[in-house]
Amino acid sequence: MTETTDAAEQARTAPDSTSAPLLEVRDLQVEFHTKAGVAQAINGLNFTVHPGETLAILGESGSGKSVTAQTIMGILDMPPGKIAGGEIRYRGEDLLTMPEEKRRKLRGVSISMIFQDALSSLNPVFPVGWQIAEMFRIHRKMKKKEAKQEAVELMRRVGIPAAEKRVWDFPHEFSGGMRQRIMIAMAIALDPDLLIADEPTTALDVTVQAQVMDLLLDLQKEYNMGLILITHDLGVVADVADKIAVMYAGRVMESADVYEIYASPSHPYTRGLLDSIPRIDGGEERLKAIEGLPPMLTNLPAGCPFSPRCPMATDLCRTERPELERVVDGHYSACHYSAQIYDDLRGGAA
Amino acid sequence: MTRYILRRLLQFIPVILIATFIIYAMVFAIPGDPIRALGGDRPMSEAVQQTLRDQYNLDDPLLIQYFKYMAGVAVGDFGTTFQGRPVTDIIVQRLPVTLYLAFVAVIIQIIIGVIAGTLAAIFRDRFIDRLVQVSSVLVVAVPILAIAFGLQFVFGLQLGWFPIAGIGSGFYSYILPGFVLASVSTALVARLLRNSLVETLQSDYVRTATAKGLKRSRVVGRHAMRNAMIPVVTFIGADLATMLGGAILTEAIFNLPGIGQEVFRAIQAQEGTVVVGIVTLLVLFFVVVNLIVDIAYAFLDPRIRYE
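Read top to bottom, the protein sequences are chains E and Y. If you count the first sequence from 1, position 343 lands on 343 in my numbering, and the numbers rise without skipping. If you count the second sequence from 1, position 130 lands on 130 in my numbering, and the numbers rise without skipping.
FYI, nobody ran anything at the bench for these hints, they're computed from the structure. Watch out, some of these pointers could steer you wrong.
Below 25 Å or equal to it, Euclidean Cα-Cα: the simulated DSS-like pairs (lysine-lysine) are [claimed, not checked]:
(1) Lys-105/E <-> Lys-145/E
(2) Lys-165/E <-> Lys-145/E
(3) Lys-215/Y <-> Lys-145/E
(4) Lys-215/Y <-> Lys-144/E
(5) Lys-82/E <-> Lys-215/Y
(6) Lys-144/E <-> Lys-165/E
(7) Lys-165/E <-> Lys-143/E
(8) Lys-143/E <-> Lys-215/Y
(9) Lys-215/Y <-> Lys-102/E
(10) Lys-105/E <-> Lys-141/E
(11) Lys-105/E <-> Lys-144/E
(12) Lys-102/E <-> Lys-143/E
(13) Lys-143/E <-> Lys-105/E
(14) Lys-68/Y <-> Lys-141/E
(15) Lys-215/Y <-> Lys-105/E
(16) Lys-102/E <-> Lys-82/E
(17) Lys-105/E <-> Lys-221/E
(18) Lys-105/E <-> Lys-82/E
(19) Lys-141/E <-> Lys-102/E
(20) Lys-35/E <-> Lys-82/E
Let the hints inform the model, and build the full structure from the sequences given.
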């Protein structure tokens with residue numbers, strides 16, 4: 001415990017990409033063995049999260065966002081899931097080769113997670129206060145009464161009105177927004193270094209979405225957590241993320257800090273995504289959608305997975321898979337033509 | 001909740017009236033003259049026969065007979081047998097045997113059913129799961145008589161561990177009949193829990209429990225089990241009431257002097273009062289147990305609320 005606190009104290013400076021990374025995902029590969037064949041959900045995934053930093057992982061359904069989150073947490077259903085290669089380093093230690101007991105003690109304590117659907121993710125037969133207090137009782141060996149007090153305190157902190165009175169209420173007795181606040185309270189209970197939020201606001205009303213997201217960001221600052229925000233919502237990302245990783249067919253297509261991505265997207269897929277955002281000042285009649293569908297994960301194209309849908313695809317793209325390469329410092333793209341796209345954009349902007 | 005219980009208690013009245021009337025009518029409809037049957041081969045004078053008929057209201061129409069009988073039941077008088085013995089006496093003497101048997105059966109059902117179901121779910125699709133699935137199908141498919149005789153033969157005659165008839169050896173006498181009575185229910189509990197737990201283990205809240213860094217034993221034993229047991233507890237409760245009725249066969253095979261045996265004898269002897277008395281009691285037991293199960297359901301699943 002003291003060790004992690006010290007490390008966390010040291011990290012309690014502004015988001016800083018030069019400090020030691022909190023989490024490093026290197027060449028991760030995850031497969032699903034199904035009757036239809038082997039689905040390659042994650043194919044060589046790379047990204048890094050630093051203390052206090054917010055990384056948004058952006059992608060369509062089926063791009064491997066949630067599988068990534070579950071693999072980091074170690075809650076992937078295996079089988080059918082199988083980790084075929086790569087490493088996930090938390091403070092330098094590979095989670096994938098760590099003994100299960102050691103890894104379990106990191107879960108919920110150092111790395112915790114918020115799920116999309118709080119109603120199904122909270123246990124229906126236990127009071128919410130009990131579920132929050134369980135964190136303290138199991139990991140901190142607290143007595144029931146003490147743990148309950150901590151739970152009430154946390155419920156208050158995440159903005160649940162009359163927390164003292166509602167601590168023994170059941171999940172179904174709360175509104176969607178309040179339930180997600182309870183999930184958040186449970187996830188931050190033990191002051192984790194890294195929080196993974198898998199579409200935390202997708203299931204909520206639009207008006208509540210902003211409140212919950214604000215709360216999450218407040219807490220992130222307060223606790224100086226690294227945050228991996230998994231979303232398909234480009235609007236949310238622009239407001240809150242430091243860095244963005246755009247995922248497609250289980251790979252990072254492009255990653256850079258948020259301004260860089262919006263200013264000079266250097267991958268045709270990222271450009272397609274950005275063009276598909278409705279603009280309030282837009283003169284165009286129709287939204288630009290990306291043509292076609294994501295590839296079948298059981299039968300990925302030989303070259304770039306985006307090539308069948310890419311307006312710029314050439315024979316090279318269809319035969320050779322581009323690796324994630326530096327465009328400029330801190331900006332990486334997995335496209336054979338990213339340098340060209342980047343220069344064109346810069347040239348056009350200048 | 002109190003209002004709900006009161007309403008349910010009121011609903012008992014028509015249920016019991018209808019059930020007892022059906023039983024009464026069926027006994028009434030059995031062909032033959034019970035008084036002549038009572039006499040057997042020996043001749044009985046016309047006067048004696050008439051006295052008995054009057055005493056048991058046998059000359060009244062069905063409805064009148066029924067209401068006279070129910071008026072007695074309402075004040076705790078279940079009538080008397082043709083030998084003049086109060087039916088209440090018989091029940092007091094016979095019921096403990098049946099209750100003891102049902103109790104032993106339920107304990108067996110819970111212990112074996114829950115352990116087998118849990119193991120099958122945890123080791124899903126592995127050997128132990130297949131074993132539980134196959135053996136539970138076997139137990140349900142094989143006639144109860146075969147199971148009973150098999151157990152009597154192996155554990156009673158060959159090994160000599162348990163008595164095969166009567167209640168002379170106290171608790172030991174109830175082991176084999178308990179297994180026989182519990183067999184089908186145990187198999188059903190194992191399958192029900194297995195499926196319920198498999199489903200629960202795939203739920204989002206179990207994933208959350210794992211993500212909280214809880215030990216696997218706690219994730220399964222507390223978070224999953226508490227949910228998976230809800231349908232199982234409901235089944236065991238409802239099954240307990242069925243068991244009392246189903247005890248007839250088991251009691252006959254093992255020669256246990258319970259109410260099942262008694263009701264069987266009374267049907268043959270056309271002793272309507274005994275049949276109706278015991279069946280009324282069973283119906284009452286059934287509805288009360290069902291009410292308790294429904295109330296327990298609300299405690300097990302906080303999402304259920306009764307108005």
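Against the structure, the hints:
no. : hint                    : verdict
1   : Lys-105/E <-> Lys-145/E : 23 Å, holds
2   : Lys-165/E <-> Lys-145/E : 15 Å, holds
3   : Lys-215/Y <-> Lys-145/E : 22 Å, holds
4   : Lys-215/Y <-> Lys-144/E : 19 Å, holds
5   : Lys-82/E <-> Lys-215/Y  : 21 Å, holds
6   : Lys-144/E <-> Lys-165/E : 17 Å, holds
7   : Lys-165/E <-> Lys-143/E : 20 Å, holds
8   : Lys-143/E <-> Lys-215/Y : 18 Å, holds
9   : Lys-215/Y <-> Lys-102/E : 11 Å, holds
10  : Lys-105/E <-> Lys-141/E : 13 Å, holds
11  : Lys-105/E <-> Lys-144/E : 20 Å, holds
12  : Lys-102/E <-> Lys-143/E : 23 Å, holds
13  : Lys-143/E <-> Lys-105/E : 19 Å, holds
14  : Lys-68/Y <-> Lys-141/E  : 68 Å, violated
15  : Lys-215/Y <-> Lys-105/E : 9 Å, holds
16  : Lys-102/E <-> Lys-82/E  : 20 Å, holds
17  : Lys-105/E <-> Lys-221/E : 24 Å, holds
18  : Lys-105/E <-> Lys-82/E  : 22 Å, holds
19  : Lys-141/E <-> Lys-102/E : 17 Å, holds
20  : Lys-35/E <-> Lys-82/E   : 14 Å, holds
Against the hints set out earlier in the document, a violation occurs for number 14 only.
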